[in-house]
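Asks: Sequence:
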Amino acid sequence: MIRLQLAVLLAVLTPFAAAQEAAPRDLCGAWALSGELPNGDAADGTLALVPLTTPGRYRARIVEADGDAWSASVWTEGDGLRLRPYRSTQGVAGALADAKAPWVAQLAPEGEGFAGSAAGAPHTTLRLAPAALPRLSLGDAALDPARPEAVQLEPGARTLPVAVAPRALRKLVQVVAPPALRARLGDEGLSLEAERPGRYTLEARLGGARGALLATLELRVATPVLAQVRERIAAVKAQGQVPVVVFDLDDTLFDTRYRTAALLEDYHRTHGEPRLEQVPVERVHYAMPETLAELGFSEHEVEGQTFEAIHGEVWPKFFRGESLLLDAPILGAVEAVRSLAPDALIVYLTGRKTFVADFSERALAEAGFPTPSDPGAGPGVLLFHKPKSYPGQQDPAKLHTDDFKGLITRVELPKHGVVVAAFDNEPKNCVAFRASAPADAIVVHLDTLYPAEDAELVDDRDARCCRTSARASRRHPFQIASARA
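Quick note: the working numbering has the sequence shown finishing at residue 1183, numbered continuously throughout.
Honestly, the hints are just simulated from the structure, not real lab data. There may be inaccurate statements among the hints.
Unchecked claim - Below, in silico cross-link-like pairs of lysine-lysine (DSS-like), each with a Cα-Cα straight-line distance of 30 Å or less: (1) Lys1126 <-> Lys1086; (2) Lys1113 <-> Lys935; (3) Lys1113 <-> Lys1086; (4) Lys1113 <-> Lys1084.
Stated by the list, open to error - Restraint ranges, calculated between C-beta atoms of paired labels, are given here: (5) Thr1004 <-> Thr857: 40 to 48 Å; (6) Glu1001 <-> Gln1092: 28 to 36 Å; (7) Asp764 <-> Pro828: 17 to 25 Å; (8) Ser1037 <-> Ala1150: 26 to 34 Å; (9) Ala767 <-> Gly1076: 54 to 62 Å; (10) Arg845 <-> Glu891: 19 to 27 Å; (11) Glu891 <-> Asp842: 23 to 31 Å; (12) Pro1073 <-> Ala844: 53 to 61 Å.
Where a beta carbon is used, it is the ideal one built from N, C-alpha and C, also for glycine.
Between the sequences and the hints, there should be enough to build the whole structure, so can you do that?
Replies: Next up, the structure:
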């Protein structure tokens, strides 16, 4: 009986084992192609194999060293495989010049790869060897196929700085995107066009939609910031209340780099420091030591008496009223504020001291912003400057700017309406707004200049906080969304 049971078991398992042995080898991936083609051309390039629905059959995409690309069918045959160019490649690399049908190469196992010759051309030798997959990067950061990369965009056409290495293999990379998202990988990067807001998954694969996964992008296409604010304004107005939109001044509506550059150049005129004769605004940072280092001052100078001399003269002038007139409005800021003013109370809430209030209003007026003296149409304009003290401040010795902005938002502004949005360049102030404004208010952090020691807004994914960036196209934070969420 035992022998009979063993025999039956063997009879059942033997076909299964044979089927397992006969299962074709998975060849999906990248292969290095070398040797000679039947038309005499050298075979030197990379081949991507994409599996078809039939086991053991593949579509091949080949990119040669000179950048030419062609396609072929590949199928396994026992331990070996066959490769046949598509008929559409006849007359180009890989096809016989006067052949009426493409050639077929039969390759046998050789080490980890394959080698053989084309039918009718036994003198040729083709070899396939396993090759590394192309590497993708977004900006300076490598993309890991095992970890999706989160990217935030606004609707419309955008180009992300996605690159392929080696660059010659870009033609082997296919971007798989949902129907609502048009995507194309070109020399300038990944061109995207989103028809509507939403969340989309975009994949970069080798050779085709079923090829090896190279990278995954989780795209969040958000409604433009100002459109979100307008929606909140309309909702509050529909309830019979006054919408309030809050704007900081320095590095939110005004670019203070121009003020810093002008004051440093003035120091050169009075002290003869040639390195400060011309100060490009793009080399100005939030902190003075970083700016001087950028302009060629040594570490010893930045940490010593040279810095003390420059800082001691420039920094006090930075906060003088007349210096505020040196700023330039950030690109798009005037248009953004004026577009909201007809329907919302505009509040300028700044950490500038009260003694420069007249100069702040003058700078606003000269730049074209609505002001308390000339609000134009709409609910009006308010301007708050930081006093030495304010009821309820946390630190009795000093009123900190974030504490002041939180108190004004929580105590004063509800007397005038409902805060629907607040714009500021410093993360700590954004945190104060979020803690003090209504729960559905939109807090916008403009990634322009802010202290390096400020905590990052780690919860940027919170729908209440939008981060816009000026660094990609320098000084257009009201239109550009950040590349990385």
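Asks: How does the Cβ-Cβ distance of glutamate 1001 and glutamine 1092 compare with 28 to 36 Å: does it lie in that range?
Replies: Given about 33 Å between the Cβ atoms, the range holds.
Asks: Do proline 1073 and alanine 844 keep their Cβ atoms within the hinted range of 53 to 61 Å?
Replies: 55 Å, holds
Asks: Is it true that the C-beta distance of threonine 1004 to threonine 857 lies inside 40 to 48 Å, as the hint says?
Replies: Between threonine 1004 and threonine 857, where Cβ atoms are some 42 Å apart, the hint holds.
Asks: Given the hint that lysine 1113 pairs with lysine 935, test it: the Cα-Cα distance must not exceed 30 Å.
Replies: 16 Å, holds
Asks: Tell me if the straight-line CA distance from lysine 1113 to lysine 1086 falls inside 30 Å.
Replies: 22 Å, holds
Asks: Falls inside 26 to 34 Å, the C-beta gap from serine 1037 to alanine 1150?
Replies: 33 Å, holds
Asks: Are lysine 1113 and lysine 1084 close enough, with their CA atoms no more than 30 Å apart?
Replies: 19 Å, holds
Asks: Given a hinted range of 54 to 62 Å, is it respected by the beta-carbon distance of alanine 767 and glycine 1076?
Replies: 59 Å, holds
Asks: Is the Cα-Cα distance between lysine 1126 and lysine 1086 30 Å or less?
Replies: 19 Å, holds
Asks: Please test the hint of 23 to 31 Å on the beta carbon pair from glutamate 891 and aspartate 842.
Replies: 26 Å, holds
Asks: Starting from the range 19 to 27 Å, see whether the pair arginine 845 and glutamate 891 falls in it by beta-carbon distance.
Replies: 26 Å, holds
Asks: Is the gap between the beta carbons of aspartate 764 and proline 828 within 17 to 25 Å?
Replies: At roughly 23 Å between Cβ atoms, proline 828 and aspartate 764 fall inside 17 to 25 Å, so the hint holds.
Going down the numbered hints, you'll see the structure goes against none, and every one checks out.
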